Amino acid sequence: MKVLTANFITCAIKDCKASPKSFPLHFQNAELELQELEFQPDFLRHILPRIDWDSLRVTANELGFPSIPETKPEGEELNNEELLRNLHQLLLETQVMEGKLVCDNCGHEYMIKEGIANFLLPSHLV
Amino acid sequence: MLPTPDTSHVPFNTVYEPAEDSYLFLDTLSSPAESAWLATRFATTPAPLITEVGCGSGVVLGFATANAQSIFGRRDVLAIGTDVNLHACLATRETVQRAVQTQQKEEATSQQETTTSLYLDSLTADLCRPLRPGSVDVLLFNPPYVPTPDLPPIPSNDQTYGPSKPSFETESYLLSLTYAGGADGMETTNRLLELVPDVLADHGVAYVLLCAQNKPAQVRESILAWPGEWQAEIVGRSGMQAGWEKLVILRIWRST
Chain A
1 MKVLTANFIT CAIKDCKASP KSFPLHFQNA ELELQELEFQ PDFLRHILPR IDWDSLRVTA
61 NELGFPSIPE TKPEGEELNN EELLRNLHQL LLETQVMEGK LVCDNCGHEY MIKEGIANFL
121 LPSHLV
Chain B
1 MLPTPDTSHV PFNTVYEPAE DSYLFLDTLS SPAESAWLAT RFATTPAPLI TEVGCGSGVV
61 LGFATANAQS IFGRRDVLAI GTDVNLHACL ATRETVQRAV QTQQKEEATS QQETTTSLYL
121 DSLTADLCRP LRPGSVDVLL FNPPYVPTPD LPPIPSNDQT YGPSKPSFET ESYLLSLTYA
181 GGADGMETTN RLLELVPDVL ADHGVAYVLL CAQNKPAQVR ESILAWPGEW QAEIVGRSGM
241 QAGWEKLVIL RIWRST
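Top to bottom, those sequences are chains A and B.
Under my numbering, the first sequence has 116 at position 116, and the numbering climbs by one with no breaks.
Under my numbering, the second sequence has 179 at position 179, and the numbering climbs by one with no breaks.
Same shape as in the complex, but just chain A (with noise of 0.2 Å):
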């Protein structure tokens, strides 16, 4: 799974989505892999506008990547190269292969493997 994804999900027990503490979900015992692609700077600047940069921090935290900045890059930093291709690495490149993903609202903790998140539960929970 990808970095990236991990900003567009969260629980899913739908009486958590209504709690703030059901995002970001936070990894835990993640395996990680780098997946070459090719650098795109163009291609990022239309995604950062849809990043929830507070979440992303949390999750770079998480995966032990080196502290990002404490703000979304806009304007002229969106012209740093080296800013751009750090956020390339950790957003598109980053895979978690194993590991999990868990809500801190209700403890509930949905398994990566092969690096596909299985987010089916329990069916006392369905």
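Errors might be hidden in some of the hints.
[Claimed, not checked] Derived CB-CB ranges, DEER-like:
no. : chain 1 : residue 1 : chain 2 : residue 2 : range
1   : B       : 9         : A       : 42        : 36 to 42 Å
2   : A       : 21        : B       : 235       : 37 to 43 Å
3   : A       : 51        : B       : 256       : 18 to 24 Å
4   : B       : 213       : A       : 85        : 50 to 56 Å
[What the hints assert, rightly or not] Covered by chain A, per the in silico footprint, the following chain B stretches (three or more residues, Cβ under 8 Å):
no. : region
5   : 45-56
6   : 85-98
7   : 125-135
Source of the hints: derived by calculation from the structure; they are not laboratory data.
It should be emphasised that the depicted structure is a prediction, and the values quoted were computed from it without experimental measurement.
We treat Cβ as the ideally placed atom computed from N, Cα and C, and that holds for glycine.
Given the coordinates of chain A, assemble chain B onto it according to the supplied hints.
Only chain B this time, still in chain A's reference frame:
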């Protein structure tokens, strides 16, 4: 004609094989009228997130992602597929990535600008439940729409549908999930429609396929009655049966 993604790697013993309904999706999204509408809708937004619910073989999501320039007027869409069946999730990953690579090779030979559209992930999930409110720009849903006396149970994570060879019972169950729609063939579609207002972005749009027995006119009326400024219109049709189209695709969006 835009190229149809290759699905020769997909195990059709557990995953829905592309059929008339899948191809109606491809034809509808790539029709001049629909593409023009989508290109206008997404002319100035950030990179759109395209989500196919119940992505199966991934043929529809692969088509939309690889041909994003023709369909959405931009080369930077992000794709996520969801399916209750892990085999479908794996198949979709392969289908969408291959379709995008094929498109990029084609562009490189003809020296066109390169498509950057990207397959993000497949998620094993019921409908679009793990997606954040307001996150989806384009939702695609080719549901299990056949009226059946019973609805197969919604999969839970108590069972595993891992890559090991599935039993005959598991195969039958997984395939039944691809078509069996319960009462009026609408039970799963109704559950999805309930989630649409929450999961769609303000400028988002959902495409949902219906068959004649689903009573498309009634479904449309019920959407128009949702709180807020909702619109619904039939934008794709195929096959005639007793004077009615057998299959239609309904476009659902907020008129903001």
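Now the hints, each set against the structure:
The supplied range of 36 to 42 Å is broken by residue 9 of chain B and residue 42 of chain A, whose beta-carbon atoms lie about 31 Å from each other. Separation of residue 21 of chain A from residue 235 of chain B is about 40 Å and conforms to the stated range, judged on CB atoms against 37 to 43 Å. Between residue 51 of chain A and residue 256 of chain B, the C-beta spacing of about 23 Å keeps the proposed range 18 to 24 Å intact. Distance hint check: the CB atoms of residue 213 of chain B and residue 85 of chain A are about 53 Å apart, consistent with the given range 50 to 56 Å.
Only residues whose C-beta sits within less than 8 Å of a C-beta in chain A count toward coverage, and the region 45-56 of chain B has 3 of them, enough to reach three; the restraint holds. Figure legend: the region 85-98 of chain B, annotated as covered by chain A; annotation consistent (4 residues with Cβ-Cβ distances under 8 Å, at least 3 required). Evaluation of the coverage hint for the region 125-135 of chain B: fulfilled, as 8 residues show C-beta separations to chain A shorter than 8 Å, against a requirement of three.
In summary, the one numbered hint that this structure violates is 1.
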